[in-house]
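Novice: Sequence:
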Amino acid sequence: MKSNSEWMSISDMMSGLMLIFMFIAISFMIQIQTDKDKMKEIAITYNKDKKELNKDLNLEFSKDLTKWEAQISQDNIITFNSPDVLFEGGESQIKEEFKNILNDFFPRYIKVLSSKKYIHEIDEIRIEGHTSDNWNGTTNAKDIYLNNMKLSQERANNVLSYCYTIDAPFIQNNRVWLEQHFRANGMAFSKLKYMDKNQTIPDILKSRRVEFKVQMKTEEKIYKILKASE
1 MKSNSEWMSI
11 SDMMSGLMLI
21 FMFIAISFMI
31 QIQTDKDKMK
41 EIAITYNKDK
51 KELNKDLNLE
61 FSKDLTKWEA
71 QISQDNIITF
81 NSPDVLFEGG
91 ESQIKEEFKN
101 ILNDFFPRYI
111 KVLSSKKYIH
121 EIDEIRIEGH
131 TSDNWNGTTN
141 AKDIYLNNMK
151 LSQERANNVL
161 SYCYTIDAPF
171 IQNNRVWLEQ
181 HFRANGMAFS
191 KLKYMDKNQT
201 IPDILKSRRV
211 EFKVQMKTEE
221 KIYKILKASE
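Start counting the sequence shown at 1; every next residue gets the next number (the working numbering).
I should point out that these hints are in silico values taken from the structure, not numbers from a laboratory.
Watch out, some of these pointers could steer you wrong.
The calculated label-pair distances, taken between Cβ atoms and stated as ranges, are [what the hints assert, rightly or not]:
(1) Arg183 with Leu205: 20 to 30 Å
(2) Arg108 with Ser161: 13 to 23 Å
(3) Tyr145 with Arg183: 16 to 26 Å
(4) Asn173 with Met29: 46 to 56 Å
(5) Glu97 with Met195: 39 to 49 Å
(6) Ala168 with Ser62: 46 to 56 Å
No residue lacks a Cβ here, since even glycine has one placed at the ideal position from N, Cα and C.
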């Protein structure tokens, strides 16, 4: 039989282990709450910045959107919707009419984004090229995808290149900043526009578009917290 002192030693050890596990559990709960508080604070800041930027973009461009056949979403995505103005069908060279629009639009766009209010909060300015889900002369799904991916990337690159070289003060004065934040992505038909709510009938014309997107640094902070908590 074990002596009373042995039973007490085991009991003390178990009590010590329980205390250790309790402290670990409490620390874990505190960390989770801290992360939640951080995310809430960042999310509030993000929503505030997003609304402010949306207001400023609309103040700058509201009078021009109709003639440009463009729109600004609540997420601050600026979409140029008229494929006939942007490029020739199946081509990646920017049409003169779209160049004229970009000459007016892009310096003013950078004027807003490079202001003291936003310049240190912006993580990325991204141009996205989008296409429809067909390709003249072929029904092969692989060829359709690869041709549209190539075309959308070339179009996005050409828009970026043209915008970057516009001879305007707000472009010239912010070239280094643009080099650090300006990107071009070809999206092919990964984000089609649809004619119906059930998203069964693609809208070929509206799917062919160019979009300017802004990603704020607060979005990256939220992503890092979520990644760390996995």
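Novice: Next step is simple, just say for each hint if it's right about the structure.
Specialist: Going through the hints against the structure:
1. About 26 Å separates the C-beta atoms of Arg183 and Leu205, a value consistent with the hinted range of 20 to 30 Å.
2. For the hinted restraint 13 to 23 Å between Arg108 and Ser161, the CB-CB distance of approximately 19 Å keeps it satisfied.
3. Evaluation of the 16 to 26 Å hint for Tyr145 and Arg183 yields a pass: the beta carbon distance comes to about 22 Å.
4. At roughly 50 Å, the beta-carbon separation of Asn173 and Met29 lies within the given 46 to 56 Å, and the hint holds.
5. Our hint of 39 to 49 Å for Glu97 and Met195 is violated, since their Cβ atoms are close to 26 Å apart.
6. With their beta carbons about 21 Å apart, Ala168 and Ser62 fall outside the hinted range of 46 to 56 Å.
Consistency with the previously given hints fails for numbers 5, 6, ordered from lowest to highest.
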